[in-house]
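Participant: Sequences listed follow chains A and B, in order.
Start counting the first sequence at 4; every next residue gets the next number (the numbering used here).
Start counting the second sequence at 4; every next residue gets the next number (the numbering used here).
Just to be clear, a hint being listed does not mean it is correct.
A pair holds if it fits inside one copy or across any two, identical chains being indistinguishable in the list.
[What the hints assert, rightly or not] Using 16 Å as the maximum straight-line C-alpha spacing, the simulated EDC-like pairs for lysine to aspartate or glutamate come out as follows: (1) Lys17 x Glu196; (2) Lys58 x Glu192; (3) Lys423 x Glu250; (4) Lys224 x Glu202; (5) Lys423 x Asp380; (6) Lys247 x Asp424; (7) Lys95 x Glu202; (8) Lys159 x Asp111; (9) Lys159 x Glu189; (10) Lys423 x Asp43; (11) Lys117 x Asp380; (12) Lys170 x Asp406; (13) Lys247 x Asp406; (14) Lys102 x Asp31; (15) Lys95 x Glu116; (16) Lys170 x Asp182; (17) Lys77 x Glu250; (18) Lys17 x Asp182; (19) Lys106 x Glu116; (20) Lys423 x Asp97; (21) Lys17 x Glu193.
It should be emphasised that the hints constitute simulated quantities derived from the structure, not laboratory data.
Number of protein chains: 2
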Amino acid sequence: MTNTSTHTLAQQLKAVREASYRMATLSDAKKTAVLNRFADILESESTFLLAENQKDLDAAAAANITGPLAQRLKLDTSKIQQLAQGLRDVAKFDDPVGKTLLKTLLDDGLTLEKVTVPLGVVGIIFESRPDVLPQILSLILKTGNAVVFKGGRETKFSNGAMMTLVKDKLNAEFPELPDAWACLLESREEALEMLDYPEYLDLVIPRGSNQLVQSVMARSKAPVLGHADGICHQYVHASSNLDKALEVIIDSKIQYPAACNALETVLIDDAIAPAFLPQLQLAAIDNDIILIGCEQTRAILPDAQPATEDDWRSEYGDLRLSVKIVSGLDEAIQHINTYGSHHTDGILAEDSQAQALFLAGVDAANVYVNASTRFADGFRYGFGAEVGISTSKTHARGPVGIDGLLSTKYRLLGSHHVVKDYVGQSAKPFKHTPLS
Amino acid sequence: MTNTSTHTLAQQLKAVREASYRMATLSDAKKTAVLNRFADILESESTFLLAENQKDLDAAAAANITGPLAQRLKLDTSKIQQLAQGLRDVAKFDDPVGKTLLKTLLDDGLTLEKVTVPLGVVGIIFESRPDVLPQILSLILKTGNAVVFKGGRETKFSNGAMMTLVKDKLNAEFPELPDAWACLLESREEALEMLDYPEYLDLVIPRGSNQLVQSVMARSKAPVLGHADGICHQYVHASSNLDKALEVIIDSKIQYPAACNALETVLIDDAIAPAFLPQLQLAAIDNDIILIGCEQTRAILPDAQPATEDDWRSEYGDLRLSVKIVSGLDEAIQHINTYGSHHTDGILAEDSQAQALFLAGVDAANVYVNASTRFADGFRYGFGAEVGISTSKTHARGPVGIDGLLSTKYRLLGSHHVVKDYVGQSAKPFKHTPLS
Numbered sequence: 004m005t006n007t008s009t010h011t012l013a014q015q016l017k018a019v020r021e022a023s024y025r026m027a028t029l030s031d032a033k034k035t036a037v038l039n040r041f042a043d044i045l046e047s048e049s050t051f052l053l054a055e056n057q058k059d060l061d062a063a064a065a066a067n068i069t070g071p072l073a074q075r076l077k078l079d080t081s082k083i084q085q086l087a088q089g090l091r092d093v094a095k096f097d098d099p100v101g102k103t104l105l106k107t108l109l110d111d112g113l114t115l116e117k118v119t120v121p122l123g124v125v126g127i128i129f130e131s132r133p134d135v136l137p138q139i140l141s142l143i144l145k146t147g148n149a150v151v152f153k154g155g156r157e158t159k160f161s162n163g164a165m166m167t168l169v170k171d172k173l174n175a176e177f178p179e180l181p182d183a184w185a186c187l188l189e190s191r192e193e194a195l196e197m198l199d200y201p202e203y204l205d206l207v208i209p210r211g212s213n214q215l216v217q218s219v220m221a222r223s224k225a226p227v228l229g230h231a232d233g234i235c236h237q238y239v240h241a242s243s244n245l246d247k248a249l250e251v252i253i254d255s256k257i258q259y260p261a262a263c264n265a266l267e268t269v270l271i272d273d274a275i276a277p278a279f280l281p282q283l284q285l286a287a288i289d290n291d292i293i294l295i296g297c298e299q300t301r302a303i304l305p306d307a308q309p310a311t312e313d314d315w316r317s318e319y320g321d322l323r324l325s326v327k328i329v330s331g332l333d334e335a336i337q338h339i340n341t342y343g344s345h346h347t348d349g350i351l352a353e354d355s356q357a358q359a360l361f362l363a364g365v366d367a368a369n370v371y372v373n374a375s376t377r378f379a380d381g382f383r384y385g386f387g388a389e390v391g392i393s394t395s396k397t398h399a400r401g402p403v404g405i406d407g408l409l410s411t412k413y414r415l416l417g418s419h420h421v422v423k424d425y426v427g428q429s430a431k432p433f434k435h436t437p438l439s
Numbered sequence: 004m005t006n007t008s009t010h011t012l013a014q015q016l017k018a019v020r021e022a023s024y025r026m027a028t029l030s031d032a033k034k035t036a037v038l039n040r041f042a043d044i045l046e047s048e049s050t051f052l053l054a055e056n057q058k059d060l061d062a063a064a065a066a067n068i069t070g071p072l073a074q075r076l077k078l079d080t081s082k083i084q085q086l087a088q089g090l091r092d093v094a095k096f097d098d099p100v101g102k103t104l105l106k107t108l109l110d111d112g113l114t115l116e117k118v119t120v121p122l123g124v125v126g127i128i129f130e131s132r133p134d135v136l137p138q139i140l141s142l143i144l145k146t147g148n149a150v151v152f153k154g155g156r157e158t159k160f161s162n163g164a165m166m167t168l169v170k171d172k173l174n175a176e177f178p179e180l181p182d183a184w185a186c187l188l189e190s191r192e193e194a195l196e197m198l199d200y201p202e203y204l205d206l207v208i209p210r211g212s213n214q215l216v217q218s219v220m221a222r223s224k225a226p227v228l229g230h231a232d233g234i235c236h237q238y239v240h241a242s243s244n245l246d247k248a249l250e251v252i253i254d255s256k257i258q259y260p261a262a263c264n265a266l267e268t269v270l271i272d273d274a275i276a277p278a279f280l281p282q283l284q285l286a287a288i289d290n291d292i293i294l295i296g297c298e299q300t301r302a303i304l305p306d307a308q309p310a311t312e313d314d315w316r317s318e319y320g321d322l323r324l325s326v327k328i329v330s331g332l333d334e335a336i337q338h339i340n341t342y343g344s345h346h347t348d349g350i351l352a353e354d355s356q357a358q359a360l361f362l363a364g365v366d367a368a369n370v371y372v373n374a375s376t377r378f379a380d381g382f383r384y385g386f387g388a389e390v391g392i393s394t395s396k397t398h399a400r401g402p403v404g405i406d407g408l409l410s411t412k413y414r415l416l417g418s419h420h421v422v423k424d425y426v427g428q429s430a431k432p433f434k435h436t437p438l439s
């Protein structure tokens, strides 16, 4: 990395910042037209997209990447149609920008408003899957933001093709779009270096491996939205319907074991452990799940591997499942709050008081009653698309859609009001009257 | 700093984290009772508070601290009554916790809710003014959070006295309050070390000098709410009523020059500069304001000091005021977005189109039309109290009251729903029906 390249990246980010100011003033009609046109372009240029995607697939094959990972890299006509449909769906959303969240009359002729505005510049660092870029681009456009992408090497050609369509087709057809509103960085070094410029970057969203997210969080001077771990729990309360609980646990574990919202640890009330654990073992055998148990669990299931302290802090991402017997609700909540990652945790219980105490007591972005942890997802929640899942408690928490790409602004509309009239002995009182 | 002290601070913060879980489940009736009782205690223990405050005043006198700074340190019976009234006002607010922000039927028997929850643990690092601690404590209590304070040396005894009342009176009378819900750190080293424990700290709010805020922002691994600079602008548009504009400018500058929302730079359209600048100079002389002007300004006002590039980036915090002539709205907006601190910027204009373009184009937490920048304040906005003013675009922006101390949680209430039913060839569709 030379000084020249540093200079160039800073200049590029400055151009994105300036572009973001123009994006912020786009009308909703214009943003809708751009989104619909982008959908058309994806469909009419599908031959080009598929040809470029094939280069990524060839590179994957040459690197001996096969199976589900290679499958995720593949675009086809049906996927492109889905992407186009997704863009048209987002185009139909109400304009999220300029919504009045608060309106207060401070005094006669002095009105305060709080309105939604775009965040500004969002940096997205992501791995694999060529459909991520257009999906996120649709949310960026609808919210009037500018974006800097860095995709993985494995989708280099597919991402490049998408950006070619943005630059050569979309930007060319809509002069209102500033050139720098959407950029794609080429190198990992540039992506990391971007994190040193908080003046040009309002939010960074890393999507990918635990390692990627942690390296971004450690370096970034700009706020980071995301989650490093997904250590999710299901707690089987004594009041649980055991047969149904088992189905939910198996779905939480095996439906997609590598996902962040997949189950890692089951907690079981001691009163029902002797009845439940043998059923869990049978289902585990049927589904190739490897059980790792606490001492008490192993007293009932001697075949389970012994759990260490590390197991309670592990996101396996595979078919291992740790199992711990607890004395009741309090211990379950304490275990989850201590060892969990505050992502998604559920209780399996028929007792409504236990449900309520669990929902209130567990400190997680998503807390569930009698449902699979795998539901924690922006599409399933009905957000149309998601930019990521946040386990931070500031800004946005849980699956994040359009809301996470917005900020607010206070507008004060006065008639030459001055503060000196509202202080001291003869201070005028404020009215603070809420308006509509 | 020894390993022993590190160990102790981590243990102390862990206790605050655990206390935060109990605070999160306090009923609104309980929080209201605690707040009202705290107000009574402040009044009935005013002799004790004033005696301890006198120790701070004596220390300030011994250190030759006089004038407005010494004045800010002083408590008196009337200030204590105001603090008590503030606590009773906050007690009356609606419970901010547990509000439903979103409710969606995902499918029959599967309901998603987004509800407000406390942030958890908030760290507040502040300087001077003994009334900050009880004011913030009231918001912390109402929002069900736990708090770690670090006050300035100059209010050591006053802050200590407040905390003695919390621990010996309030906590003793309300067994529901866990001991560690409110803590006061003794040393600056501990306050900085706290920033290394994001697992125990959900948000840090530094209040005080630019230097304090920047050192906290640079070190903290937890999110920081606040602002380093307050470089605020007023732009005098060609359509402005010049006499009234001048009054607003003078108020913005002199009403409290050291405040973050005080004016630092005036931008003036070239068309009206010859008419306006001589008026500004007369008012400046009357109010001891020192004008620092661009070349064009000095062509009209030769007595103004010459401005350098640094002046446009300076928060003077005193009676200096920089002045720049601009070619119109676009240059004004660009100057503010480039050199400002995104805190509070105003336009003085009668032309409604210019007003609208300024409000949309300026990227600041507070954007004003014909009003003094000094209105940017939580009390003046009607928030009851403020924990700080944020220039970040994530989480909270502008003056921050109760809203900035809340997070959200998604609750999913199912009937043993599993995700496998909603994927693949025979996938059930989601309903995504908004509920009430």
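Participant: If a hint holds in the structure, say so; if it does not, say that too.
Facilitator: Now for the hints, and whether the structure bears them out:
Taking the shortest alpha-carbon separations for Lys17 and Glu196, only the intra-copy value of 14 Å comes in at or below 16 Å, while the best inter-copy value is 34 Å. Taking CA atoms no more than 16 Å apart as the test, Lys58 paired with Glu192 passes in neither setting, with 23 Å inside one copy and 55 Å between copies. Taking CA atoms no more than 16 Å apart as the test, Lys423 paired with Glu250 passes between copies only; the shortest distance there is 10 Å, against 67 Å inside one copy. Proximity of Lys224 to Glu202 under the C-alpha cut-off of 16 Å is restricted to the intra-copy arrangement: shortest distance 9 Å within a copy versus 18 Å between copies.
In this assembly of identical chains, Lys423 and Asp380 lie within 16 Å of each other by CA distance solely across copies; the values are 14 Å between and 51 Å within a copy. Taking CA atoms no more than 16 Å apart as the test, Lys247 paired with Asp424 passes between copies only; the shortest distance there is 14 Å, against 67 Å inside one copy. When the C-alpha separation of Lys95 and Glu202 is checked against a cutoff of 16 Å, the pair qualifies neither within a copy, at 32 Å, nor between copies, at 40 Å. In this assembly of identical chains, Lys159 and Asp111 lie within 16 Å of each other by CA distance neither inside one copy nor across copies; the values are 58 Å within and 42 Å between.
When the C-alpha separation of Lys159 and Glu189 is checked against a cutoff of 16 Å, the pair qualifies only within one copy, where the shortest distance is 9 Å, while the shortest distance between copies is 53 Å. When the C-alpha separation of Lys423 and Asp43 is checked against a cutoff of 16 Å, the pair qualifies neither within a copy, at 58 Å, nor between copies, at 32 Å. Taking CA atoms no more than 16 Å apart as the test, Lys117 paired with Asp380 passes between copies only; the shortest distance there is 14 Å, against 29 Å inside one copy. For the identical chains of this complex, Lys170 and Asp406 are neighbours neither inside a copy (27 Å) nor across copies (40 Å), given an alpha-carbon limit of 16 Å.
Taking CA atoms no more than 16 Å apart as the test, Lys247 paired with Asp406 passes in neither setting, with 35 Å inside one copy and 39 Å between copies. For the homomeric pair Lys102 and Asp31, the shortest alpha-carbon distance inside one copy (12 Å) is at most 16 Å, but the shortest distance between copies (30 Å) is not. For a Cα distance limit of 16 Å, the shortest separation of Lys95 from Glu116 qualifies neither inside one copy, at 26 Å, nor across copies, at 23 Å. With identical chains, the CA atoms of Lys170 and Asp182 are at most 16 Å apart within one copy only, with a shortest distance of 7 Å there and 59 Å across copies.
Taking the closest pair of Cα atoms, Lys77 and Glu250 never come within 16 Å of each other, the shortest separation being 31 Å inside a single copy and 65 Å across copies. In the homo-oligomer, the alpha carbons of Lys17 and Asp182 lie at most 16 Å apart inside one protomer (12 Å), although the nearest pairing across protomers, at 49 Å, exceeds that limit. For the homomeric pair Lys106 and Glu116, the shortest alpha-carbon distance inside one copy (4 Å) is at most 16 Å, but the shortest distance between copies (26 Å) is not. Neither within a single protomer nor between protomers do Lys423 and Asp97 lie at most 16 Å apart by alpha-carbon distance, with minima of 41 Å and 31 Å respectively.
Taking the closest pair of Cα atoms, Lys17 and Glu193 come within 16 Å of each other only inside a single copy of the chain (14 Å); across copies the shortest separation is 38 Å, beyond that limit.
When the structure is compared with the earlier hints, violations turn up for hints 2, 7, 8, 10, 12, 13, 15, 17 and 20 and for no others.
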